[in-house]
Amino acid sequence: MTYNINNKGYYGEFGGAYIPEMLYPNVEELRQNYLKIMAEPSFKEEFDQLLKDYVGRPSPLYFAKRLSEKYNTKIYLKREDLNHTGAHKVNNTIGQILMAQRLNKTRIIAETGAGQHGVATATVCALMGMECIVYMGEIDIARQAPNVARMKMLGAEVRPALSGSRTLKDATNEAIRDWINNPVDTHYIIGSVVGPHPYPDMVARFQSVVSEEIQWQLKEKEGTTKPDYVIACVGGGSNAAGAFYHYLEDTDVKLIAVEAAGKGIHSGESAATSVLGREGIIHGSKTLLMQTNDGQITEPYSISAGLDYPGVGPMHAHLYKTGRAEFMSITDDEAMKSGLELSQLEGIIPAIETSHSLAIFDHKKFKEDDVVVINLSGRGDKDLQNYIDYFKL
Amino acid sequence: MNRIQSKLQEDKKLLSIYFSAGYPRLEDTKEIIESLEKNGVDMIEIGLPFSDPLADGPTIQASSTQALKNGMTTETLFNQLKDIRETVSIPLIIMGYFNPMLQYGVEAFCKKCQEIGIDGLIIPDLPVDVYNEQYKSIFQKYDLINVFLITPQTSIERINFIDSISEGFIYMVSSASVTGSSSGFGDEQTSYFKRIADMNLNNPQIVGFGISNNETFTQATKFAKGAIIGSAFIKHLSNFGIDKIKTFTDLILKNK
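Note that the protein sequences, when read in sequence, are chains A and B.
Its first residue numbered 1, the first sequence is counted upward by one per residue in our numbering.
Its first residue numbered 394, the second sequence is counted upward by one per residue in our numbering.
Under the rule of at most 30 Å between Cα atoms (straight-line distance), these lysine-lysine pairs were calculated in the DSBU-like manner:
(1) B:Lys637 to B:Lys431
(2) A:Lys321 to A:Lys367
(3) A:Lys8 to B:Lys529
(4) A:Lys8 to B:Lys534
(5) A:Lys65 to A:Lys337
(6) B:Lys405 to B:Lys628
(7) A:Lys321 to B:Lys529
(8) A:Lys263 to B:Lys462
(9) B:Lys637 to B:Lys618
(10) A:Lys254 to A:Lys337
(11) B:Lys639 to B:Lys431
(12) A:Lys226 to A:Lys321
Using C-beta positions, here's what the derived DEER-type ranges look like:
(13) B:Glu508 to A:Glu279: 22 to 28 Å
(14) A:Gln385 to B:Asp536: 58 to 64 Å
(15) A:Asn104 to B:Gly464: 45 to 51 Å
(16) B:Thr640 to A:Gly155: 46 to 52 Å
(17) B:Asp591 to A:Gly155: 41 to 47 Å
(18) A:Lys44 to B:Asn553: 36 to 42 Å
Keep in mind that the hints were calculated from the coordinates and are not lab data.
Glycine included, every Cβ here is placed at the ideal spot set by N, Cα and C.
If we strip away everything but chain A, and leave its shape as in the complex, we get:
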């Protein structure tokens, strides 16, 4: 059994490319070329150089002493929050913009929910001097004003998605429609390990730098490349895919994926896809998704805009179904409390997405000598207003 993708584009029974014929040439072009391009020495060199000099990699693996004392185990934080633009998202957009250039594309489109992926895309487009259009749900535009302003400052056009529920899934629909309408000159930078094959695999490979670094950094600190646990939050699942990637086949390392329970799993306002979802097709991929009995995709909820996607990437569906990863869900309240706790114990204000993974210490006991790595996927600047309102600071 493998936990990674097979040569047909599936993780077990999940994945594939369930796309209309109109998208076939674009997706097929990418499928035929992505591994070849990623293996080119000049690609690797440019990718590594940009990650180092522009993004600021390697991101530190930080031993969180006070947090470890509190929960009586050894906790390391992988500091993706220190990346340029404030989250892991940029690892993928750097990779994809280089891919787009090599495919001779001149126009970039992207979808965004909270705006983090939109900002990361607008950033690399500015860097490479490429036209950038970001689709964002009308409702998200209203509640994520600072990131909308950042994208505009970076020269991107932010187009409101006015259809359906006017949030992330609709922004994704609009971006896909744009790609159908512009099949020749445009590359679509998907922000997570979702969408038709080869996107989940390509994005996971670009994000895999996270676990690649964890391996050698941990070796330096603990004398082993293997932690006992790797923990990451999952919306679509790109930061988790990156943090898990090099440990997928190594079952000594336990993987924990943390989903957003919103106001409670059975409250009707939740994004805990592994619990509430069923197998189906969303955005071109066979995976687990939240839907009605009739197969209509439903709108998820989480206080964290980066976790309220109604599906998970096919890799995570497979990790869930096979039991390779343990899935846990954390409510809004638990996440907010842990975000405040990390701020005051370690001086790090985490993104609310990340706060969900930090909250599992109240649910799961670890041994004193367990080495637990948490992927600190993003910083909390973008969420300050949310924290302030929540805690009435």
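Fit chain B to the given chain A structure using the hints.
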């Protein structure tokens, strides 16, 4: 012989109409179908509404969303169509996205289609290879024709492959676009229509996307066997209701 296959043998250009089932009102489905047949339409695509119709433009998505709000479900549609063959004899195709069919159960869905007298399916997001490997035998068991799409970007090799597994017609998407977006056909489309016609495929082609009036219908059917109209018909329904379907079909067919 399947009704689609017999219809394709008629010596005329075919007009096919798409609408979203359950729109404008939940109960309109049957009456729209009957009225379309009465007014000279050759074939009907009944849209099974979906929350996230990736290949559709704003008009069809809006009608689809409204149909869902009206309460349309797969089961409801099947109930509405239960006795449709008592009054309607032209080919009927269900067009919808794959997820609702998958949730209903593909075999159960196909079986139900056959019981009702549905002749074919168009599922834009069911890839050709997945159909071929996993579902072809089920479709055949229930005598359903699966219709595949080609676009101006589809390679000759792939068109030939699609032709080889098609059993009715090929749905020829007129341009690189979602539904309802273009107005009029230029030289680029005309040469694409001609290029495909010159391939002398086994299956006739029916053009869809961007057909909204007599002019575009005539242009599209100069080289192809027929044309499908969706968004323009839905706009007409929104503006004039289901009593004025004749005005629309007369306009397309230039009947006086």
